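Protein sequences appear in the order of chains A and B. Everything in the first sequence is counted per the numbering used here, starting at 248 for the first residue and increasing by one. Everything in the second sequence is counted per the numbering used here, starting at 42 for the first residue and increasing by one.
Please keep in mind that the hints were generated in silico from the structure rather than gathered at the bench. Computed from a predicted structure; not experimentally measured. Don't take every hint at face value.
So the derived list for chain A, only partly shown, Cβ under 8 Å to chain B, looks like this [as the list claims (entries may be wrong)]:
1) E452
2) R453
3) M454
4) G463
5) C464
6) Q467
7) P472
8) R473
9) F482
Just the calculated beta-carbon pair ranges, DEER-fashion [unchecked claim]:
10) B:S47 <-> A:I261: 29 to 35 Å
11) B:R54 <-> A:G287: 37 to 43 Å
12) A:L252 <-> B:G125: 40 to 46 Å
13) A:V433 <-> B:A182: 35 to 41 Å
14) B:G125 <-> A:K264: 48 to 54 Å
15) A:A323 <-> B:T214: 49 to 55 Å
16) B:G125 <-> A:D403: 39 to 45 Å
17) B:S147 <-> A:G324: 44 to 50 Å
Positions of the beta carbon are idealized from the N, C-alpha and C atoms, including for glycine.
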Amino acid sequence: MIKSLYTIAENSLIAPKTFKLVLAGNAVVEGEFVNIAIPGYYLRRPLSVCDLEDGKLTIVYKVVGEGTKVLSEMKAGKELEVLTGLGKGFETRECREKALLVGGGLGVPPLLLLAKKLKAEGKKVCAVLGFNKAEEIILEKEFRGVCDEVVISTVDGSVGVKGFVTDAIKAAEPSFDYFYTCGPMVMMKVVCSALEEPGEASLEERMGCGAGFCYGCSIQTKNGPRRVCKDGPVFKKEDLIW
Amino acid sequence: MVKDFSVDLCGIRLQNPVVPASGTFGFGLELADSMDLNVIGGISLKGTTREARYGNPTPRIAECDGGMINSVGLQNPGIDVLVGEKVPALRKVYNGCVIANISGFSLDEYRECCAKADACEGIDIIEVNISCPNVHNGGMAFGTDPASAAEVTKTVKAVCKKPVFIKLSPNVTDIVAIARACEDAGADGLTLVNTFLGMRIDIARRKPVIANKMGGYSGRAVFPVALRMVYQVAHACKIPVMGCGGVASARDVIEMMMAGATAVQVGAENLRNPFACPEIIAELPALMDELGIDTLKEIIGTV
Chain A
248 MIKSLYTIAE NSLIAPKTFK LVLAGNAVVE GEFVNIAIPG YYLRRPLSVC DLEDGKLTIV
308 YKVVGEGTKV LSEMKAGKEL EVLTGLGKGF ETRECREKAL LVGGGLGVPP LLLLAKKLKA
368 EGKKVCAVLG FNKAEEIILE KEFRGVCDEV VISTVDGSVG VKGFVTDAIK AAEPSFDYFY
428 TCGPMVMMKV VCSALEEPGE ASLEERMGCG AGFCYGCSIQ TKNGPRRVCK DGPVFKKEDL
488 IW
Chain B
42 MVKDFSVDLC GIRLQNPVVP ASGTFGFGLE LADSMDLNVI GGISLKGTTR EARYGNPTPR
102 IAECDGGMIN SVGLQNPGID VLVGEKVPAL RKVYNGCVIA NISGFSLDEY RECCAKADAC
162 EGIDIIEVNI SCPNVHNGGM AFGTDPASAA EVTKTVKAVC KKPVFIKLSP NVTDIVAIAR
222 ACEDAGADGL TLVNTFLGMR IDIARRKPVI ANKMGGYSGR AVFPVALRMV YQVAHACKIP
282 VMGCGGVASA RDVIEMMMAG ATAVQVGAEN LRNPFACPEI IAELPALMDE LGIDTLKEII
342 GTV
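The shape of chain B in the complex, shown without the other chains (with noise of 0.2 Å):
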C-alpha cells in the first residue's frame, strides 16, 4: 500500500508532517550541503527582527538532564536580509514548505516585518513569535497575555495574505486562553510550544551556566507537557497546530498527531543529532505500517 505523508497547513500542501522548529536549523541553508533538505515537509526559518540583533552574550548554551537550555536572544540579520537574500537562495535548493518566523519588541515591527515577509516570493507561511524567553520587553511578554496575544494577531492579519501562525509560550498559567485569544483575533493557525523559561548554575564557579542567566529549556524532557498542551488547545480551537517540544522520533510525531497537531516541530533534537528530521522522516513508513495507518493525516486529532 503507498503511504501518503501529506498534511495540509491552511491551503498549503507539505510532502510530510515534519519541520525543524525555529532557531534549531538556521535559515536551512547552513544544512544544505550535509543533507537532502528536500525531504523535509517544511522549515522554520530563524526568528527574524527588524534590525540586525547580535544576541546575547555567551555562554549561550547549557546541557540538562534530557535536554538543554538555550539563550541565544533572537540573533539574525534582519528582516530584509531574510527576504531579499536568506529566502531567495534557500529557494534555490529547497521546494517545501517556507515559514518566515517573526519577532518584534513593539507592535510596529511584527506589522512592518510580517509585512515584509507577506510580500515575499518565496515564504509560504508567517509565524509571529510571541513567545522568545530570551529577550526583554519583546518575545514571551507579548504571548503571556490573552489581550495582548490578540492584539499582535490582529495586527500582522491586517497586513498579511499569506496563512500566520502565533507560536505561544508554555509560561502561561492557561495556554487554551490565549490560544483562544489568537483565533478570535483571526490567526489562521498555531505553533505550540516554545521553550520553557529555565536555568542552571555552575556550582563551582557559583553562577549561573547562561551569561543571560535563564534561558529557554527544550529537549525530550519537555516532550509530555508539550504533548499535553497541543492536545488541549487542538480540541479547544478549530484552527490547525503545528505541535513542538521534544518530538525526537517518528513515534513522538505520531503522538503530536493524535493529540491533534497537523504538523510536528522537531526542535533540540536537530542540535543533539543534525540529521534528525530525515532520520525521523524516514522512519515513518515502517512505524505506519506497524500501527495500520496509510495516510498520516488521518490520524490528526484521533485521540
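Same shape as in the complex, but just chain A (with noise of 0.2 Å):
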C-alpha cells in the first residue's frame, strides 16, 4: 500500500449518477481497488479498479451519498490522494481455459480489467453483463472490445435478455471452465448457487481503514473470519457463507 497524489484527468457522467473517473499520477500500486480522500469527509472512498495502464486509473463509480456526490463534482485538474495496493483481487490463474465473467450494475467495472488480464493470459472470456435498464447501461464497448462473448441483461428487457444474469446465462449456454462475478450480494449469491463450476466472486463491506487492520470489515467465512478488505474483496465460491 502506498499513498500519492493522482490529477483528474476526467469525471464524466456516463450513466445516470455513474461516473467515469480517470486519474493520472506516476505512483500506481496494483491492487484490487483503490481508497480515494475525499475533501471534507472524515473517511476514504474504497472504490474498485476499472482500468489500469501507463500510470493510468480509471474508476468507474455511483453517486450513492454525499461523499461520492462531492467527488462527482470534482473536474479535471483538481488533486486527489489516494491509497493504492489494496485488496486480494481475482486470480486468474484459476481458470483454465475458459473464463465466464458475471458482473451486475457498479459491479461490472473491476471484471474489465479482469478480462484484459485473462485475455493476455490467452484465455477465452464470455461476459454476462445484467443490468436494470437500458440507460443503465456501462463499458458495454469496452468488454466487447476485449471479450470473445458478451452478453447484455436487462431487468425490464430493454436490451438484450430480459431478466436476470442467470436467465442470461441460460439462454447463453456458455463454455466455461471457471466464473468471476462481482454484483450486488443478491445476485453473486444466486449465481454461486445456480453453477456448478468452481469461481469466484468480489463482496462489498462498509470499510474503516481499507488495509486490514481496523477489523471493520469482517465477515465469516468457512475457513473463519475474514476481513473483505485485506483477505478479501475476492473470495472463492466454497469459502463464502451467504
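Join the two chains into one complex using the hints; note that each chain is given alone, in its own frame.
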C-alpha cells in the first residue's frame, strides 16, 4: 500500500448518477481497489479499479451519498490523495481455458481489468453483464473490445435478454471452466449456487481503514473470520457463507 | 541542536511519544509491509480476550463529521495466539515498545490474560481495557464505577510484573474519581480516553447505521474533550498518562503532552490515513524548533 497524489484527467457522467473517473499519476501499485480521500469527509471511499494502464487509473463509480456526490463535482485538474495497492483480487490462474464473467450494475467495472488480464493469458472470456434498464448499461463497448463474447441482460428487457444475469447465462449457454462474479450480494449468491463450476466472487462491505488493520469489514467464512478489504474482496465460492 | 524525542513510561524508554492506539493498528504486522514500523515509539496492539472472538455484525463503521463510529466488538484471535504468534512475529520486525491491550468479561478472564501477557517476552507494557463500549457485560461495565475499576486493577496487578496501564472510558460522570481509584489500587499508569458512545441513523432506511445500533465515536472532533480529561487526570494522579482521543497532528501531540500526557496515542486518524503515525513523528522536529523545544519530555504537564 502506498499513498500518493493523483490528478483528475477525466470525471464524466456515463450513465445516470454514474461517473467515469480517470486519475493520472506516477505511483500506481496494483490492487483490486483504491481508497480515495474526499475533501471534507472523514473516511476514504473505497472504489474498485476498472482499468490500469500507463500510470492511468480508471474507476467507474455511482453517486450513492454525499461523499461520492462531492467527488462527482470535482473537475479535471484537481488532485486527489489516493491509497493504492489494496485488496486481494481475482485469481486468473484458477481459470484453465475459458472464463465466465458475471457482472451486475456497479459490479461490472472491475471485471473489465480482469477480462484484459485473462485475455493476455490467452484464455477465452465470455462476459454476462446485467443491468436494470438500457440507460444504465455501462462499459459495453469496452467489454466487446476485449471479450470473445458479451451477453447483456436487462431486468425490464429493454436491451438483450430480459431478466437477471442467471437468465442470460441460461440463454447463452456459455462454455467455461471457471467463473468470476461481482455485483449485488443477492445476485452473486444466486450465481454461486446456480453454477456448478468453481468460481469466485468480489464482495462489498462498509470499510474503515481499507487496509486490513481495523477489522471493521470482517465477514464469517467457512475458514473463519476474514477481512473483506485485505483477505478479499475476492473470495472463492466454496469459502463463502451467504 | 540535537532534539530528544524520547519519553519514559515506568522505566520503559520510547524513542518518541507517538503510539498507535489499540484497535487502530491491528497487531502491527498488518502495516509492516507499508512502512518502517521502527520509527514509531510504541504500538498498542488490538484488544485481546481469553477466547477468540468474531466480534459484532457488520456494518461496524459509520462516518461522522470530524470522526467515525466503530463497533468492531473486540474481534481477536485470543490471548494464546497473541502471545504465541502475533507478538513473536511483530518482534521480528519491530524493536520499539510493544503494548498488549487486554479486555475481559470477568475478573478471572482479566487475570488469566494479563498473566499470559506478562509472561510473554516480547511485551513491554500491559494496557487493560476497562472501557470498550462495544461489548455487553464486560469492557466498559468495569470502567464506569471506581470500585470495579479498582477491583480489576488489583486483580491484574497481582499477576503482573510489567507496568500495567488501565485504559479509561470517557463515558463517566467523574473520570478523575475512576483514575484515582485505579492509582490507589496499584496501576502503574493510565491511558485515556477510549471512545465516546455514539450513534448514527440512516434516515432513508430509518435504522441505525451500525448493526449493533451504537458504537464508539472517535476522531478529531473529540480532541478537546479528551485533552480536558487528560489534563484533569494528569494533574490529579502521580502515575504517567498516555493521552488518547482525536490526535491527528504533531501539534496535537505537543498539546496532549503539555496537558500532562507522557506518551500520546493516535487512534481513528490511522484509519483515514494509515501513515498518520510516521507523518506525525516526522513533523515533530520542525514544530519543536518553532516552539523552542529541544527535549520533548520537558514539556510534560507544563500547563
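Hint-by-hint comparison with the structure:
For E452 of chain A, the interface hint holds, the least distance from its beta-carbon to any beta-carbon of chain B being 6 Å, beneath 8 Å. With a cut of 8 Å, the hint placing R453 of chain A at the interface with chain B holds, because the nearest CB-to-CB distance is about 4 Å. Among the interface hints, the one on M454 of chain A holds; its C-beta lies about 7 Å from the nearest C-beta in chain B, closer than the 8 Å criterion. For G463 of chain A, the suggested interface contact is upheld, since its CB lies about 4 Å from the closest CB of chain B, less than 8 Å.
A distance limit of 8 Å between C-beta atoms decides the matter here; for C464 of chain A the minimum to chain B is near 7 Å, and the interface restraint holds. Taken as an interface hint, Q467 of chain A checks out: its beta carbon lies about 6 Å from the nearest beta carbon of chain B, inside 8 Å. Interface hint status for P472 of chain A: upheld, as the beta-carbon distance to the closest one in chain B is roughly 5 Å, under 8 Å. Nearest Cβ of chain B to the Cβ of R473 of chain A: about 11 Å, over the 8 Å cut. The hint is violated.
Checking F482 of chain A against chain B: minimum C-beta separation of about 15 Å lies over 8 Å; hint violated. Separation of S47 of chain B from I261 of chain A is about 55 Å and departs from the stated range, judged on CB atoms against 29 to 35 Å. Under the hint 37 to 43 Å, the C-beta atoms of R54 of chain B and G287 of chain A, about 40 Å apart, fit the expected range. A hinted range of 40 to 46 Å holds for the C-beta pair L252 of chain A and G125 of chain B, which are about 41 Å apart.
The hint said 35 to 41 Å for the Cβ distance between V433 of chain A and A182 of chain B, and at roughly 38 Å that hint holds. At about 50 Å, the beta-carbon gap between G125 of chain B and K264 of chain A stays in the expected band of 48 to 54 Å. A hinted range of 49 to 55 Å holds for the C-beta pair A323 of chain A and T214 of chain B, which are about 54 Å apart. Checked against the hint of 39 to 45 Å, the pair G125 of chain B and D403 of chain A fails, with Cβ atoms roughly 57 Å apart.
Take S147 of chain B and G324 of chain A: their Cβ atoms lie about 59 Å apart, and the range 44 to 50 Å is violated.
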